[in-house]
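Participant: This is what each chain is made of:
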Amino acid sequence: MTVTRVLRPFSALLALLALTTVLALPRARAVGSSPPLANPVLEARYQHLIEEVRCLQCQDLNIANSPAPLATLMRQQIRRMLLRGESNRAIKHYLVARYGDFVLFKPPVDRETFALWWGPFVLLVLGVLVLLTIIVRRARRDARDPLRSTE
Amino acid sequence: MSAVRTRLLFALPLALIGTLVLIGWIGLKHNPSRVPSPLIGKPAPVFSLPRLRHPALRLTERVFRGRPTLFNVWASWCVTCVAEHRVLMSLAGRGVRIIGLDYQDHRRAALAFLHRYGNPYRAIAYDPRGISAMNWGVYGTPETFVLGPHGVIRGKIIGPLTRRVVRRRLLPLLRRLSSSRARA
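Residue numbers (numbering that gives the first Met the number 0), protein chains in the order written: chain A, 0 to 150; chain B, 0 to 183.
Keep in mind that the hints were calculated from the coordinates and are not lab data.
As a list, the in silico DSSO-like pairs of lysine-lysine whose alpha-carbon atoms are at most 30 Å apart:
{"no.": "1", "chain 1": "A", "residue 1": "91", "chain 2": "B", "residue 2": "155"}
{"no.": "2", "chain 1": "B", "residue 1": "41", "chain 2": "A", "residue 2": "91"}
{"no.": "3", "chain 1": "A", "residue 1": "105", "chain 2": "B", "residue 2": "155"}
{"no.": "4", "chain 1": "A", "residue 1": "91", "chain 2": "A", "residue 2": "105"}
Now the in silico label distances, taken between C-beta atoms and shown as ranges:
{"no.": "5", "chain 1": "A", "residue 1": "114", "chain 2": "B", "residue 2": "116", "range": "43 to 51 Å"}
{"no.": "6", "chain 1": "A", "residue 1": "43", "chain 2": "B", "residue 2": "26", "range": "36 to 44 Å"}
{"no.": "7", "chain 1": "A", "residue 1": "124", "chain 2": "B", "residue 2": "162", "range": "45 to 53 Å"}
{"no.": "8", "chain 1": "B", "residue 1": "45", "chain 2": "A", "residue 2": "40", "range": "25 to 33 Å"}
{"no.": "9", "chain 1": "B", "residue 1": "163", "chain 2": "A", "residue 2": "83", "range": "40 to 48 Å"}
Ideal placement from N, C-alpha and C gives every residue a C-beta, glycine not left out.
Looking at chain A on its own, in the form it has when it is part of the complex (with noise of 0.2 Å):
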């Protein structure tokens, strides 16, 4: 009883230290993984390609994070082709032949996606463009009329 009314003042502490400490946890390996590769190099470029790539069974989560079986065939045949000495290039490759660009979360930049990467920035360009157009014009305008700014 005691202990409790000592501890009132501090819960709020508490539920953050507890917290911080399930935060702290190292983060959880990928579901249903492989123990990791013994090369510590290969192991950190598994790591990294298993989070870029798509799983598209469960299109939102990357085939690191989900547990479709389609998900973990894609993370052996990644393993396999690590192990076999292949480039983080070929390997992206090899899956974007065969499911096409959607597989990477960050398409890459060629013909098709080229408006998907350089659009806004078109845009941006435009609005920018109009704008300075209006504040000429504006400008302009009060040149020839002064009174009218601040009438």
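Fit chain B to the known structure of chain A by using the hints.
Facilitator: Showing chain B alone in chain A's frame:
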């Protein structure tokens, strides 16, 4: 500012909203789970798999030579495949050549499935680990590829073949492929 110009200025937001509605409408109609296959127009991926009903024999991509063929990816655990099966049976009855790919399945369960629902396949490749299916970019069942007489992939239907899909997409494509065979 002239009256016409003012009126045009008022029309601008309406036009913008109209465009947004149109984009949204297309987005709603579009099913993101149907990812177009990059394999269309390419020759069938090389594979060599044991046959489901004759494990001693192997099936390779050469099976697609000669005439237009459907390559249907299925599994006994796939509920949608049961619904699709009736359509496959009727297609086979009309003389369409269908090759099966039994995906991530157990042989005994697959054979029981065929025993129960009938066998529309000319031959079935058995891919319990789904390795060959990966070369075809398979990401679920059922999926059906349409191959031309030279073993080139000409179409892919994701999801079950329904009577509607058969009438609207499959039969026209097969007809085109058969007539192009005469020319090629």
